[in-house]
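Colleague: Note that the protein sequences, when read in sequence, are chains A and B. Going left to right, the first sequence walks through residues 1 to 141 as the numbering used here numbers them. Going left to right, the second sequence walks through residues 1001 to 1267 as the numbering used here numbers them.
Certain hints may be false.
As the list claims (entries may be wrong) - Quick partial rundown of chain A residues pointing at chain B, CB under 8 Å, derived from the structure: (1) His40; (2) His106; (3) Gln135.
These are calculated hints, taken from the structure and not from any lab test. Using N, Cα and C, we set each Cβ at its ideal position, and we do this for glycine too.
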Amino acid sequence: MRTLIFAAGLTIAALPALAGDHRVAPVRDALVQKECGQCHMTFQPGLLPAASWERMMDKLADHYGDNAAVSAEKGAAIRAYLTANAGRDRRGGTPSRITEARWFTHEHDFPAPVWKRPEVVTKSNCPACHQGAEQGLYDDD
Amino acid sequence: MQPKTQMRLVRLWHAALVGGFAVAYLTGDEDTYAMHLFSGWLVVGLVALRFILPLKLNRPNRPRYFTWSILAALGMAGAAAVSGVGADVLPWLEDLHEGLAEMSLWVALAHVAAALVVFKGRKWLARLKPTAVVGALVLLLAASQTALAADAARDAILATYAGQAKAENPAFAGFSAQRGEALYRAKNSVNPDAASCAACHTDDPTRAGRHVKTGRVIEPVAVSANPKRFTDAEKVEERFVRDCKSILGRACSATEKGDYVTFMASR
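Extracted from the complex, chain B is given alone in its bound form (with noise of 0.2 Å):
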């Protein structure tokens, strides 16, 4: 192989890893799931390959610390990468595959310090120019994704309500947050444990509440505090079932639904 084709296989490489990486950290919560795997998968794929392939880059004059921050940079992007894949079937070792995730940023950056202080100026730049411009495009894209399918699905749940709410009522002029925040602090007499929806949520909506009878933690339900909240149409549907039941003594309506999501999306 030419040296330069080599070099832009490897240039080729680095740049799908650094992606690879950048989507698996952005993306390590359950709601990107799918696209968590991937990325975890694809980052063990590709240093599994640096590790196999025996290429031997002409490089002179390479100080020997920025040799070892690329063997760190990639010994942590594999270890964070196997535990997680590990984590798949080992829950426990969840929380080392963590661990070892944040370190790997920390090393991964050390190796960019790095790299600046050997490839300074014009020389540097126009090294890493595509790397840059692909690894920077991808994640722009994973950030605004995730943040545009999340409230994308919560619109799409208000629209189903709000066409809910027209069946029910014909005068029906769209949700307020005002009668949302009424219906949630409201006090009720039906459940002896839990007078209003704020008895759990928390009169402050953007704090974490405390389930009145378990005890357990509620995670925030303001969006502001907690972007995941009112995503999964069957889970949202599901409590209000419930817990307009348990609260109210009867179900809510598709009005209610939408006013207390809406209030929510306001905080």
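The following block holds chain A by itself, in its conformation from the complex (with noise of 0.2 Å):
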């Protein structure tokens, strides 16, 4: 009997993982999360490839208009773990915004309105369309 409640208790635990099909794979990096989810949400590297990464990180200091930048030795682990998990050149082209990619673009097609609502600010709050954005879950809505 308690080894059935214990079997049943693992299984429960292993469920989600049948439920989970179009994730972008979550961030895993601790000093990433740290240093990269501070002012936004921790992009996951998937978002992007490899390219991209680069080009940011040449110049953390003039990020978007804002200072991003790192101590050096915190920079090259935070490259080398984005450019590692980078996301594939997606038909092509190296944009410097996931929101400027084409696929984001093509996905995200909705009138001025949807942008201006409140709570959204800019294109690049994934977390407030997408609830499970941390976690890399895009496609709950």
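Take the two lone chains, each set in its own frame, and fit them into one complex as the hints suggest.
Modeller: Here it is, written out as structure tokens:
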């Protein structure tokens, strides 16, 4: 009986594994979560190709008008994680923003009022519309 | 093994399980991650041990519902702990882990209630004393340690800024929450998106803020509302460098940094 209950617990614990299909691999690196998840959600490396990340990491002091500079040591570790887990170049091109990638504009072809909703603020605020964004879940709605 | 020795060992096991579960439950946030991990693994180990060892204790007249409460408590604690171990590798298990952990507390409380009914009065006290004492001690220690550790870390950061402030200005005579508040609310004209610290951290620092450019929700910065604030020296310094530069257009002095932290600690 005891083993049965334990086994049931394990089965419940494993259930979500069957549900997750369309997911972008979530960020598992504590340094990246800490340094790149303060001003906005920690964007998953799979959302941009390696060349885009390289370019971004080259000029963190001028990061979309903000200063996101980190020490050289941290920068190297973050760069290594982002490029190693980067997405494929989807139909070529190395966009400097996720929100400028072709697949993004294609999936998010909404009328202007949608982007003007007060909680949205900017296109890059993925969690405003995708509750599971931080976990890499974007097919929730 | 003597039945008496066996009973003692079971009580010891029970005390360790209660302690481990309590610590794991109380440290379920990032700050005390090492403690959370350790106690979580302890629970996994202890629950597994109970299922592995084929102990048959001689317990006449134990009501059915009590046996069930034991099985439920063990099963839930085990499931919560195992899902936690899983969530360490697969972050998306996190929600399930939190759900199971919350549920397991109620199941454990139900088990305590059942035990209260079964071993009422002195008999119960005599039986549970070692468990209760060890459990309560571990609980108290864990709770006080986490709060004290945060305060100590913040004090150390303030002490560092005080040392620098003296070096900057020999007349330095301590930090001021009022000056910190003035800095927090002062309107500047450097950044077109955010005129003051309050622009992102909100007029009321005990409330959650929002990054004006990215829309990101920022947890409250007042210490009373968020005890984790100003406890990670490296992060605090990094943010002062960034936020002072981008809002004031210059670096903050050590006095200003200490004033700011003192203001937030007073809120």
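Colleague: So, for every hint listed, does it hold in this structure?
Modeller: Hints, verified against the model:
{"no.": "1", "hint": "His40", "verdict": "holds, 4 Å"}
{"no.": "2", "hint": "His106", "verdict": "violated, 22 Å"}
{"no.": "3", "hint": "Gln135", "verdict": "holds, 5 Å"}
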